[in-house]
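Sequential numbering from 1 applies to the sequence shown in the numbering used here.
You may find that some hints are simply not true.
Claimed, not checked - Mimicking BS3-like on lysine-lysine, the simulated pairs with C-alpha atoms at most 27 Å apart in a straight line are:
id, residue 1, residue 2
1, K142, K118
2, K134, K108
3, K96, K142
4, K89, K118
5, K96, K118
6, K133, K21
7, K142, K89
8, K133, K96
9, K131, K142
10, K108, K131
11, K34, K21
12, K133, K118
13, K133, K89
To be clear, the hints were calculated from the coordinates, so they are not data collected in a lab.
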Amino acid sequence: DFNAPSYNTVANKALTRYSGKLNEVQKENWVEGKFGKAIELNGVNNFVIAEGLDCALQDGLSFMFWVFPTRFWGSRTLVSFEGNGLLMKLGENDDKLFLQFQSTYQKKVYENMATLQKNQWQSVGVTYDNKTKKVVVYLQGKAVFEIYLELTFEGAFTSATLGAAGGKTEFF
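Work out the full structure, taking the sequences as your base and the hints as a guide.
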């Protein structure tokens, strides 16, 4: 949901207080999406960022979003969570999904988990269960990658970015 006519904020319809700030997103970037409106990101300087998060992983984390890739070229960030020395990034590299975890203590990258399709809406998601230490990546509602991973860090994620910040992507 967005607040016309400024087109600078995306309201969170979930039961949380976090909304997204739009970077260089104009009226023409709002297009028809899978369900209602979507944001067309140009792969260079458009992105959505939610700051001031307090997203601790005591219980876990899950997120899901829709993508509509129009072309593939190199490695790009789809979504990233950062804060307190931890980075979790889900991206694609020439149509193959990858997942990266990085902290002061470790860096792990898992590649070639699944293949995205060009010019087609696809749901992408990740879950992390802190009790079992299980990470699952989903494409079109199906688990395409599972791993057990102890995430070692203090504190919580303080920001989440969808789009070009920290990388380049061309997704809705």
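So, going through the hints one by one against the coordinates:
With a CA separation close to 18 Å, the supplied pair K142 and K118 stays within the 27 Å bound. The hinted pair formed by K134 and K108 meets the criterion: a straight-line CA distance of about 14 Å does not exceed 27 Å. For the hint linking K96 to K142, the alpha-carbon distance of about 16 Å falls within 27 Å, and the restraint holds. For a cut-off of 27 Å, the pair hint linking K89 to K118 stands: about 21 Å separates their Cα positions.
A C-alpha spacing of about 11 Å is found between K96 and K118, which places the hinted pair at or below 27 Å, so the restraint holds. A hinted pair counts as satisfied when its Cα atoms are at most 27 Å apart, and K133 with K21 does not qualify at roughly 31 Å. With a CA separation close to 19 Å, the supplied pair K142 and K89 stays within the 27 Å bound. Taking the CA atoms of K133 and K96, the gap is about 24 Å. The hint holds against a cut of 27 Å.
For the given pair, K131 sits about 22 Å from K142 by alpha-carbon distance, which is consistent with the 27 Å threshold. Distance hint between K108 and K131 is fulfilled; the C-alpha atoms sit about 20 Å from each other, no more than 27 Å. As the CA atoms of K34 and K21 are separated by approximately 21 Å, the hinted pair is consistent with the 27 Å bound. Restraint check for K133 and K118: not satisfied, since their Cα atoms lie roughly 32 Å apart, outside the 27 Å limit.
The hinted pair formed by K133 and K89 meets the criterion: a straight-line CA distance of about 17 Å does not exceed 27 Å.
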